[in-house]
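Please arrange chain B on chain A, whose structure you already have, making use of the hints.
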Amino acid sequence: MIKIENLSFSYNQNRQLFNQLNLTLPAGNIYGLLGKNGAGKSTLLKIISGLLFPKNGNIDVVGFLPKDRFPQFLREIYLVTEEFNLPSLNMDCFVRLYSPFYPRFNHSLLNDYLYEFRIPREQKLSAMSYGQKKNFLLCFGLATDCKLLILDEPTNGLDIPSKSHFRKIIANAVHEERSFIISTHQVRDMENLIDPIIILDEGEIIFFQDYEQISKKLVVSKQTEMPDSDSVVYYEPSLGGYTVVKENTDRIETRMSLELLFNAVVGNKEKINELFKS
Amino acid sequence: MNLSNYFEPSRFWLLLKMELFKSRKGFILTFVVTFGLLFTGFILENIFGTERVFDSHPAGYAFFLLIGGFILSSLAFNDLSNPLRRYNYLTLPASTFEKFMSMWLLTCIGWIIMFTLTFIIYTLIANSIGHLFFKKMTFLAFEPMARTPIHSIRYYIVFQTIFLAGAVHFRGYVFPKTIFTVLLFGMVCGIIFYIIMADIIHSDLECPSDFNPFKEGTLLQIWHIVQWLIWWMMAPLGWIITYTGLKDQEV
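Quick note, the sequences are listed as chains A and B, same order. The opening position of the first sequence corresponds to residue 6 in this note's numbering, with each subsequent residue numbered one higher. The opening position of the second sequence corresponds to residue 10 in this note's numbering, with each subsequent residue numbered one higher.
Excised from the complex, chain A in its bound form (with noise of 0.2 Å):
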């Protein structure tokens, strides 16, 4: 579905963000894109869908070449953003001017997700709350049928029952030829629904696994004595003692949290790199 390869780009001269980049994602996925700001997650992310152009290296989205934004690709796309802005006009009349663009447009189904989270038609759109709006475009989004929803902090602002019902709408609407990629800091709201899981640091790929392999290859306990850290991948104080990330030695199964995840691999990149690599 998406075939990145040696790209490079670069905001100016100085600093080049990514340097030969590669990535390939399959549909039928619900990716979680995290990183630290400045990372280039929203750049990434831009460059998918044909905003930002990259200087150099290839790139296939959906088999087309993002930088031509030919009617094709963009009707496969749908991005939201984390800060967006909506026309002044109701709703229908907003689902009425856009909606013909997406062949597959689906109303009854766009019905039931404004109806999931609680959002009345009739309302206009430029007096409706920060979150109805970002719900409002997520509804939009899906209802297209796009084979790619690109979201950027999708849960900021909202409420902590349009999370529950976010998480819910979004597991149940991947398929296997529909992929989501959702960049975010809170990593919370995403447990359980991310996966496979891809963090870029500095420009750069430095982990892109799925759950399973993560369970595989690292294992979480608790210990109230300080650990050495040769003998640990990564460790941070918690409460009653340390929250520890070892290597799975003993093929333990155990869940670890998407910021335990982060921090471990963003600490130590050379052990985990080490480890995914053996």
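Mixed in with the good hints there might be a few duds.
Facing chain A, according to a computed beta carbon distance under 8 Å, are these residues of chain B, among others [claimed, not checked]:
| no. | residue |
| --- | --- |
| 1 | Arg-20 |
| 2 | Asn-91 |
| 3 | Leu-93 |
| 4 | Asn-97 |
| 5 | Pro-102 |
Note that these hints are calculated values from the structure, not bench results. From the three backbone atoms N, C-alpha and C, an ideal C-beta is built for every residue, glycine too.
Then chain B, alone, in the frame of chain A:
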């Protein structure tokens, strides 16, 4: 090459409808301001003017067709001026060519047709009011197919492309920025012209009233080429600059 990646009539029609709907307020505002000014000018001219015959409709048509149209063209691609609206515009599933064509149709052909029709209605109303209040005056009817309106349309089609190209390349304050760029370009051309013609300008030759350096010879040929370039090449060049500018847009 799949042609539907570039143009598909049904999709183009959808886009045109959408753009017309979205820019309806801008259109209405331009019309209200234009015809408000025209009516004000019409009444003031009748009150303070000394002429017995009112024949200013063609001049009014030319002036407001050009100024109103240039302002309207500067407002085209308005979505590109706002970083957040730019996301929506660039990811809307229509081709760059369709996006360009829809804006050109609305601001060029659409404006000419709408303005001319409204101007005809305006002259009918204005002349009737004039007859009622200024009985000694003669009001000439507006002929849309006369020389001045046709020439104005020709000028508009050619020079409008400058403002359309400006609308793609400038972010905000498009109209003043485009005017400034044109003035700057004009100054550069003027300086080059001065450098070429400096000998003639500073010569001690007497300059009779019918002296025209473009009357014959090489200068005349150059002048013809310049005219031909302006009338036949400027608009296509402007369209290409607008299209490529739109195609190369990033966020």
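For each hint, the structure was consulted:
Among the interface hints, the one on B:Arg-20 holds; its C-beta lies about 6 Å from the nearest C-beta in chain A, closer than the 8 Å criterion. With a least beta-carbon distance of about 6 Å to chain A, the hint placing B:Asn-91 at the interface is held under the 8 Å criterion. A least Cβ separation of about 4 Å between B:Leu-93 and chain A falls short of the 8 Å threshold, and the interface hint therefore holds. Checking B:Asn-97 against chain A: minimum C-beta separation of about 7 Å stays under 8 Å; hint holds.
Interface restraint check for B:Pro-102: the shortest CB-CB distance to chain A comes to about 4 Å, inside 8 Å, so the restraint holds.
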